[in-house]
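Asker: Put chain S on the given structure of chain B with help from the hints.
Just so you know, the sequences run in chain order B and S. Counting with the numbering used here, you get residues 809 to 1219 for the letters of the first sequence. Counting with the numbering used here, you get residues 809 to 1219 for the letters of the second sequence.
Errors might be hidden in some of the hints.
Claimed, not checked - Pairs of lysine-lysine residues, derived as PhoX-like cross-links and limited to a Cα-Cα distance of at most 20 Å, are as follows: (1) K1029(B) / K838(B); (2) K909(S) / K973(S); (3) K833(B) / K895(B); (4) K973(S) / K1031(S); (5) K1132(S) / K1147(S); (6) K863(B) / K895(S); (7) K909(S) / K909(B); (8) K1031(S) / K895(B); (9) K973(S) / K838(S).
Derived from the structure by calculation, the hints contain no laboratory data.
There are 2 protein chains.
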Amino acid sequence: MALYVQKYGGTSVGTVDRIEAVADKVAGFKAEGHDIVVVVSAMSGETNRLIGLAKDIQSAPNPREMDVLVSTGEQVTIALLSMALDKRGISARSYTGSQVKILTDTAHMKARIQDIEVSSMQSDLEAGRVVVVAGFQGVDDQGNITTLGRGGSDTTGVALAAALKADECQIYTDVDGVYTTDPRVVEGAQRLEQITFEEMLEMASLGSKVLQIRAVEFAGKYKVPLRVLSSFEDGPGTLITTEDDSTMEKPVISGIAFNRDEAKLTVVGVPDVPGVASRILGSISRENIEVDVIVQNVAADNTTDFTFTVHRNDYDAAEKVLQKVAEELGAREVAGDNKIAKVSIVGVGMRSHAGVASKMFDALAAENINIQMISTSEIKVSVVIAEKYLELAVRALHSAFELDADDTVSE
Amino acid sequence: MALYVQKYGGTSVGTVDRIEAVADKVAGFKAEGHDIVVVVSAMSGETNRLIGLAKDIQSAPNPREMDVLVSTGEQVTIALLSMALDKRGISARSYTGSQVKILTDTAHMKARIQDIEVSSMQSDLEAGRVVVVAGFQGVDDQGNITTLGRGGSDTTGVALAAALKADECQIYTDVDGVYTTDPRVVEGAQRLEQITFEEMLEMASLGSKVLQIRAVEFAGKYKVPLRVLSSFEDGPGTLITTEDDSTMEKPVISGIAFNRDEAKLTVVGVPDVPGVASRILGSISRENIEVDVIVQNVAADNTTDFTFTVHRNDYDAAEKVLQKVAEELGAREVAGDNKIAKVSIVGVGMRSHAGVASKMFDALAAENINIQMISTSEIKVSVVIAEKYLELAVRALHSAFELDADDTVSE
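Same shape as in the complex, but just chain B:
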């Protein structure tokens, strides 16, 4: 008998029929004797409909009122799901973020959770009720409705699981787990039984859009076991948890992540004096452009080359800023390429295994793929390559690290 916090996203509650299916699923867990707290998103399309109404009035709608508006989306879902449970003879009670109450700061449209009152929910659980909570929303200390930003329902689920000391936070979505890489690119991509929070963060930030990064961070911080499962088919999904020493056989690399939306920029021949990196990046961040990989090589003949990547959409803006900075710094020129992609191998296993990076470079060299940039972290090695080689590189690495379905016996 466990306490599960289950989060169902917009697609999982997108129609009345799907809400009924969620109610069936919850009823099944109840019948097994578990305590269930359900967190739901707005029905798919509803949030966009509401935002559309607002944008018809104001191009940049008042943030406080935006939160009043969009928070109705989840409120509709909690009511409908509670009715569907009631219909099945299961006592349920819905809660808006204010009713819980999920206390946040006042940063409308991107609020952060500060505290969660659990007493009412606990009384309901003790009375045998299913608790149905509106995801994505909270309330500040003045009683203003706030939202956590789009996709924030995952965060609500994890925060509730932490506050209620739940046995597991289960994120139901339209995929059946986290894969070794994108199955659309590599046919042999496999679902992972288990992955660590750190690996998941690296995978998530590199484009596996299964889970919100914030929710994973939150879960890691509070050590809430997180499971990604499919709303539409049964299966164990993927458990995201702290590193488990008992998994001796854990492969060195858990997955191959990639991102094709990048562009790189190089300031060539920068004088090698202190403060240069800060002046270059400072000018970029003042334009609200986010930088991903940064590489600077050792200097030769008193100048150096400074290279970094940005989102492809920011390429033109970044280049314009750099031209000015380069002139001020007396740099030789600004070079760039917006037809690049980043490929990364991710795995906590690489901490204790030498030779992972060289194996990666060998695999790419064998396919004649030139590596333009390299960046590493403790559990990740990323390379920047020409975009046209992306799929080839991902497949080669997936195979080199024996992640293909043919290579390993399914657990």
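Answerer: Showing chain S alone in chain B's frame:
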């Protein structure tokens, strides 16, 4: 400089364009220096859409969750109207019923207001803000969302006006005031400048669906001046207020109300002994059938005839019950007619004028309209006639009491 509580119904806020028009209207009042509290309904069609979703799940949806669901309708409108005001440079703040807070009992879907906290709204008004409140909803002492029942936004407006001691509660609707009778029946029907709460109650309950009866009762009880105006065209509307002694010239009759949805039932030849009326009506009310006019004549030869009217939809059910009761009472038979209508003349002026009733009967007799039942109150005389004479009777009375546009000089 006055404080107005203005209520805009679903049609008045039915689209983004109409919400913008309401914002223009409110901006105009603000520019004149008035303090404004706006109460809004859900955008027209939205409440029915939400109820439809619920009914797809449960034929009799859980009342608590129904309130959570439908209260989102007004919440959407308050956010959008606040944005539209913000766009016009007018500082505005939206409030749900919970945020106000409008404290109600726990009777979900038909809650009654118990108390209203005015401090936050007053601070906003003092700071020059327009306060935008979701109509129709409140919160019980446990924090559960409640609703006042359909159309309850009028009641919210009046209750807020009473609590804030507003100078006037203005109900914006799709008609430009209260008329002497239905203009679709009598071409010469005229807008009334003023009408008393009591007259309005008699008019409202008899089918002039301009205002919710509860809101009028509430306004009368707390002496809140109530004005009905059009959202779509300018004009003074109709002021509903306490009797004004200064209006010497007030006509005897303010208006002609009618209702064609009635049916009458007679228990013929009931023994004239105590307790008969209570046994007959008790059996009807146990079936949750509402009774309107009741007439019992003096007895002849120890038996009497007991007649009453019900809504036409309840005719069959009422007859079935009566057959059984008639048998138990030893009554002769049950007779009935579901092709009847009720016509009433309403006016506080009739208190001090003799001969009003006879003038009414004369006018009907002149058209050869047979009167089947008569019922009177201090400010009203109602007659039941065959339905086919309804329009003829209304026109005859409207003319007899000199209410036609040709007869009186517009005030």
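Asker: Against each hint, give a clear statement of whether it holds in the structure.
Answerer: Quick rundown of the hints versus the structure:
no., hint, result
1, K1029(B) / K838(B), "violated (29 Å)"
2, K909(S) / K973(S), "holds (17 Å)"
3, K833(B) / K895(B), "holds (14 Å)"
4, K973(S) / K1031(S), "holds (10 Å)"
5, K1132(S) / K1147(S), "violated (23 Å)"
6, K863(B) / K895(S), "holds (11 Å)"
7, K909(S) / K909(B), "holds (16 Å)"
8, K1031(S) / K895(B), "violated (45 Å)"
9, K973(S) / K838(S), "holds (18 Å)"
Consistency note: the structure conflicts with the earlier hints numbered 1, 5 and 8.
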